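**Student:** The chain contents come next:
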Amino acid sequence: MMNTATAEFVYRLPGNTSSSRPGAHRSNSRGAGMNFVSHAKLIDQPDPRRLDLRASVSNIQKDWLVRVNKQRASITVSAIVDVSQSMRFGADQNKLQVAAEFLEALGFSAGGLGDSVSLVPFDSVKRDDLSMPARFGRGTGQTMAEVVLSSKPISPASANIDALSRCIESVAGKSALVFIVSDFHWPLADLARILEPLAGSLVVPLVIWDRTEIKPPDSKRLLSVRQMGSKHSRHLWLTPTVRQQWEANVEKRRQAIADVFAARDVKPFWISNGFDPESLSRYFMETRV
Amino acid sequence: MLNKNIWILLSLIALLVCVFLKPIVMARPVYDFQITFDISQSMKVEDHVAGDQLISRLAASKAAALDLLQHLPCGSRVGWSVFTRRRVVTLTSPVEVCDHYAGLASSLSNISSRMRWANASGVGKGLHQSIRAADGMGETTRIVFFTDGQEAPPLRSGDRGMPKTDRYPVSGVIVGVGGLNPVRIPKTVDENGQITSYWQASEVVQKPDAPAGQSNEELSSRQDVHLSKLGRLAELIYLPMDSANQLADAAMVSSLAHQKRVPVDLRWIPACLALLFLCLRFLPGRARE
Amino acid sequence: MSALGFHMPWLLLLLPLALLPLISGKRDEIPFPWTDWLPADVSGQRLHWLWQGLAALTIGLLVIALAGPQSSESLTERIGRGAEISILLDRSASMDGEVKRPILRDYQSIQVQETKNGLARQALSWLLSQRPENRYALTLFSVVPMRIVDFTDDTGFLQAGLDASGIGRGPKETNMGLALLAAIKAFDQRPYTGSRAVLLVSDGGAKLDEETRIKIKEGMQRNQISLYFIYVQSGINTPNFDLVGTDTSSNTEEVELHLFFKNLGIKYQVFQADDVASMGEAVATIDSQENLPLTYYEKNAGIDYSRVLFILALITSAALALIAAVRMETLK
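Protein chains in written order, with the numbering used here: chain E, 1 to 289; chain A, 1001 to 1289; chain X, 2001 to 2332.
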C-alpha cells in the first residue's frame, strides 16, 4: 500500500486566504498573481512592467496606471485524525489504514501545491505525542501515515469529543483547511459548538466507516457483538427486519452527521470502501465551485 | 469454516462415539483371593491402632479385607475361610466381587471369634491347609491369611510347625496383625462382648524348651519373625499390617494378578475429550480487540 | 429407597467448568465500534442465552456423567410364591464320611461311595436352582454355628457357600442346639413376609438340654417356623423314623431328637435321605409345601445414569453445534 505510486488529489479553497506566503491558493495579498484587483497610479506602484496602456489612455486624469493583481498564497492544511480503538476496526483494511492512505495522499498533494501539513491525532485525549507541526515537503504524508499506523490507543475507550475540541483549538486560526478524519463514533451533541473556532477555515469531515459495520452480514444469522471499550453487548438474530433496521439506523446517523456540517455549508466526505483520491478531488470540485 | 467452533464439532463427534461405544473386551489384571481369618482367641486382643481407638486384631483384619474387597476390580473373585486350632473351614468359595459384593460384605461381617470351634492355634498347619484348599480352587487362586502368628500351644524353638507346601504352587500374602508389645489374651467374654477374664500364665502351655520364667505364652504380640519365616518357606509375601489400606496395595500386585478378558467401559475417554474440547472453545482468554 | 451416589464423586469438583461459557462472554463476542446503531433484538438476546445455557449444560452434564452417577441398589416389593428357608447344614467331620450302601447287583457287591456332605450339597443346589425366588440363609454348624449367608436371593453366592462346605474337613463335634437357635435367630427381627422354614441337614441326632429345648420351642412357635429335618443316613443300621413313636423304648439320639421335633407344635417333617434321589425327593416335597405367597424384595441393580446423561449431552451439544453453524465468529 505504502510503496505503490502515491495517489494525489486536488483540493482548493472556496474563498481567499489571508496567507501571504506564495503558493497556489487565491489570497487577499496583492502581488505577482494573475487575478486583477484594480488599477493604481504608477507613482504609487512604481512597477512599469505592469503598465496598463489601454487603461492609462482612457483615464480621464491622464495618469499612468498600473495593474494591481492578487498573488496566490500557500496555506497550512491540518489533519485531525481519530486514532482511537474503534478506528482499528475493519474487515479487509482497518479504518486507520484508510486514514493513513489519506494522509499520505494529502502530504503528497499539499507538497505539490507548496502547502504545509500538520497532523493532530486524538483518541480519548489529544495525542500530543503523535502530533506533527506544519511542515512542507512531499514526504510529509508518508511520515504522518507511519506515525498514525504505529500508534497505540491510550485506552480502549472511544474517542472523546473534548479531545477533539482541544485539537480544533490548536489549529484554529492557523489552518485554512482542516480535515477531521474519524468514524464519528462519539456523541454528536456538542460537535457544532466545538467547530466554532474554525469559522475562518474550511472544515472537511472525512467519515470513515467499514463496510462490515454499516452493512449487515448476509452469511450467517446470529451475531453477538460488544461495544469496543465497554461491556455493553448486543445479540442479533438477523432477520430481514433487523437488517433493515440496522441499515436504517446507519442512514439516520449519516443524516445526523451531515446535519451538523450542513450548518457550515459543508458536506461530509464518506469513505466506506477504501480511500479513493479521485473521488476526493471530485468532492472538492463539485462542492467548492 | 475453520474457526473456534471446530471445537464444538469435535466435541459433538466425541460424544457420538461416547454414546455408541460398547464396552470393549480387554485383558485386565484381576485377582482371585481365598481370604482366611485366624479366629483364635489371641485375635481378640485389642491392640490394633485404627484412628484414635484400639480395635481387635480380628476387627482390623476384617476392615482390611473389606478395603481390599472394595478395591478389587470387577472380575476378581473372593472367598472367605476361618481358621482356628489346626483346621481351616472354608465359608464360601471364591465368587465374583462385583456381582456378589453385598453377599460377600454381609458374610464378612458375620465372621467373628464366636465361630471358633476350638481353643488352639497352629498357624503353620492352618496356613498349610489354606494353601492346599486354594490349590484345589483353581490355579488362579491366591491366598490372604490374616493372623497374629501366635502359636498355641507354642512350638519348640526351631520348629516351624508347617508341613511342606512345595507341591502347591500357591502364592499370596500373609498379613500379620496386632501390636508388637505383648498383651494379655482374653479368655472369657460375656454376652455384651465385655472381656471378663484373661488367660493366666499357669493356664497356658508354656514353651517346652525355654528356661522357667522366660516363656510368656499368656501374652501375645505380632510374631513378625515367625510369620516372615513361614512366608519364606511357603513363598508367600509377608505383610506386617499397620493400617487397613496397606493390604490392597500389597495384594494388588502383578505377581498375584492374572489376566482375564473382561468388558471394559471406555466411554470416559471420548467423554473427557468432549469435555476438553468444549472447555477449550469457551476458555476465557484475552478479549479480542 | 434409591439414593443417588457417584462412582467418582471428586470429579464433581470440575462442575465449575460449566460456568466457562457464562464468563467467556467477553471473548465470545465480536468487538464492534458502534453498537448504538444496532437494533435491540429480543430473539437474538434469547438465542445468545440459549447458546450459553446449552454450552454450560453440556459441560455440566459431561462432568456429572463422568463422575458416574448411579442409584444405589433399589428394592422393589414383589409378591411371589415361596418361602424363607434357613438352611442349617451340618459341617462336622462326620458329614465328610461316605455313605456306604452295599448294593447287590449282578452278584457283585458294589460300594456306592459318596460323602454325606456331597449328597446334601447336590440336593440343596438343586433346590436353589429350582426355587431361586425363595430367600435362603445358610448356616453351617459343628460345635458352633457359622452363619455364612444371611437371607438373600443371591443364589450364586449361596452356591459358593454350599461349595465351600465341601472343601476340607470340618471340626469333629456337633452342637445342634446352638445351631437351631442360630437358625431361629435368623428370623428374629425380620418382618413376616411369607412362610418360614428351617431346613436342617444332619447325619446325627443330638442331646438337647432342657433350657435349649424350651428356647427352641419358644423361638419356633414365636416365628411360626416349619421344620424340615433331612436325616442323612449313616448306614443301614440307622433307625427308621416311620416306626418311631409307637416304640418309645428306642433311645438313640436321633429318635430322641425326632420326638422332640414332633412335639414342638409346629409343622415338622423328617426325611431320611441316603442318596441323591431320595434327597431330591425330600427337597421337592419341601419345595411343594413351602409355596405360600411370599412378599419379597427384588433387588434392582444400581442404575447407571451416565448413559442417559451422555445421550442428553449429545443432544445439547448437537443443538449447540446447530447454533454454532449460524453464529458469526468474525465479521470479516
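In short, the hints are calculated from the structure, not lab data. Because the structure is a prediction, the values reported are computed rather than measured. Take these hints with a grain of salt, some might be off.
[Stated by the list, open to error] List of simulated lysine-lysine pairs, DSS-like, C-alpha gap at most 25 Å: (1) X:K2262 to E:K231; (2) X:K2026 to E:K152; (3) X:K2026 to A:K1004; (4) X:K2267 to E:K231; (5) A:K1187 to X:K2172; (6) A:K1125 to X:K2172; (7) X:K2332 to E:K152; (8) E:K174 to E:K252; (9) E:K220 to A:K1004; (10) X:K2207 to X:K2217; (11) E:K70 to E:K174; (12) X:K2185 to X:K2267; (13) X:K2262 to X:K2185; (14) A:K1207 to A:K1229; (15) E:K231 to A:K1004; (16) E:K220 to X:K2026; (17) A:K1164 to A:K1125; (18) E:K41 to E:K152; (19) X:K2217 to X:K2267; (20) E:K231 to E:K215; (21) X:K2332 to E:K215; (22) X:K2332 to A:K1004; (23) E:K267 to E:K252; (24) E:K215 to X:K2026; (25) A:K1125 to A:K1187; (26) X:K2217 to X:K2262; (27) X:K2262 to X:K2207; (28) A:K1187 to A:K1164; (29) X:K2267 to X:K2207; (30) X:K2332 to E:K220; (31) E:K70 to E:K41.
**Student:** Work down the list of hints and note, for each, if the structure agrees.
**Tutor:** Here's how the hints hold up against the structure:
The suggested pairing of K2262 (chain X) with K231 (chain E) is violated, with an alpha-carbon distance near 91 Å, which exceeds 25 Å. About 21 Å separates the Cα atoms of K2026 (chain X) and K152 (chain E), which keeps this hinted pair within 25 Å; it holds. At most 25 Å may separate the alpha-carbon atoms for a hinted pair to count; K2026 (chain X) and K1004 (chain A) meet this at roughly 15 Å. A threshold of 25 Å between alpha carbons decides the hint, and for K2267 (chain X) with K231 (chain E) the separation of about 85 Å lies outside it, so the pair is violated.
Distance hint between K1187 (chain A) and K2172 (chain X) is fulfilled; the C-alpha atoms sit about 22 Å from each other, no more than 25 Å. Between the alpha carbons of K1125 (chain A) and K2172 (chain X) the distance comes to roughly 17 Å, so the proposed pair stays at or under 25 Å and holds. A hinted pair counts as satisfied when its Cα atoms are at most 25 Å apart, and K2332 (chain X) with K152 (chain E) qualifies at roughly 22 Å. Proposed proximity of K174 (chain E) and K252 (chain E) is contradicted: the alpha carbons are some 34 Å apart, above 25 Å.
Using a Cα cut-off of 25 Å, the hinted pair K220 (chain E) and K1004 (chain A) holds, with the two alpha carbons roughly 16 Å apart. Note on K2207 (chain X) and K2217 (chain X): the hinted pairing holds, with a Cα-Cα distance of about 15 Å set against a maximum of 25 Å. Simply put, K70 (chain E) and K174 (chain E) have alpha-carbon atoms about 21 Å apart, close enough for the 25 Å limit, and the pair holds. Between K2185 (chain X) and K2267 (chain X) the CA atoms are separated by roughly 18 Å; this keeps the pair inside 25 Å, and the hint holds.
Using a Cα cut-off of 25 Å, the hinted pair K2262 (chain X) and K2185 (chain X) holds, with the two alpha carbons roughly 20 Å apart. Taking the CA atoms of K1207 (chain A) and K1229 (chain A), the gap is near 19 Å; set against the 25 Å cutoff, the hint holds. Distance hint between K231 (chain E) and K1004 (chain A) is fulfilled; the C-alpha atoms sit about 22 Å from each other, no more than 25 Å. Under the criterion of a C-alpha separation no larger than 25 Å, the hint pairing K220 (chain E) with K2026 (chain X) is consistent with the structure, at around 20 Å.
Under the criterion of a C-alpha separation no larger than 25 Å, the hint pairing K1164 (chain A) with K1125 (chain A) is consistent with the structure, at around 10 Å. Of the supplied pair hints, the one linking K41 (chain E) and K152 (chain E) is violated, its CA atoms being roughly 61 Å apart against a limit of 25 Å. Restraint check for K2217 (chain X) and K2267 (chain X): satisfied, since their Cα atoms lie roughly 12 Å apart, inside the 25 Å limit. Between K231 (chain E) and K215 (chain E) the alpha-carbon distance is near 23 Å, which keeps this suggested pair within the 25 Å criterion.
Pair hint K2332 (chain X) plus K215 (chain E) holds up; C-alpha atoms about 12 Å apart against a cutoff of 25 Å. Of the supplied pair hints, the one linking K2332 (chain X) and K1004 (chain A) holds, its CA atoms being roughly 15 Å apart against a limit of 25 Å. With a C-alpha separation of about 15 Å, the suggested pairing of K267 (chain E) with K252 (chain E) holds against the 25 Å cut-off. With a C-alpha separation of about 23 Å, the suggested pairing of K215 (chain E) with K2026 (chain X) holds against the 25 Å cut-off.
Of the supplied pair hints, the one linking K1125 (chain A) and K1187 (chain A) holds, its CA atoms being roughly 23 Å apart against a limit of 25 Å. Straight-line distance between C-alpha atoms of K2217 (chain X) and K2262 (chain X) comes to about 11 Å, which keeps the hinted pair within the 25 Å bound. Between K2262 (chain X) and K2207 (chain X) the alpha-carbon distance is near 15 Å, which keeps this suggested pair within the 25 Å criterion. Our distance criterion of 25 Å between C-alpha atoms is broken by K1187 (chain A) and K1164 (chain A), whose separation comes to about 32 Å.
Pair hint K2267 (chain X) plus K2207 (chain X) holds up; C-alpha atoms about 21 Å apart against a cutoff of 25 Å. In summary, the hint linking K2332 (chain X) to K220 (chain E) is supported, as the alpha carbons are separated by about 12 Å, within the 25 Å threshold. Between K70 (chain E) and K41 (chain E) the CA atoms are separated by roughly 16 Å; this keeps the pair inside 25 Å, and the hint holds.
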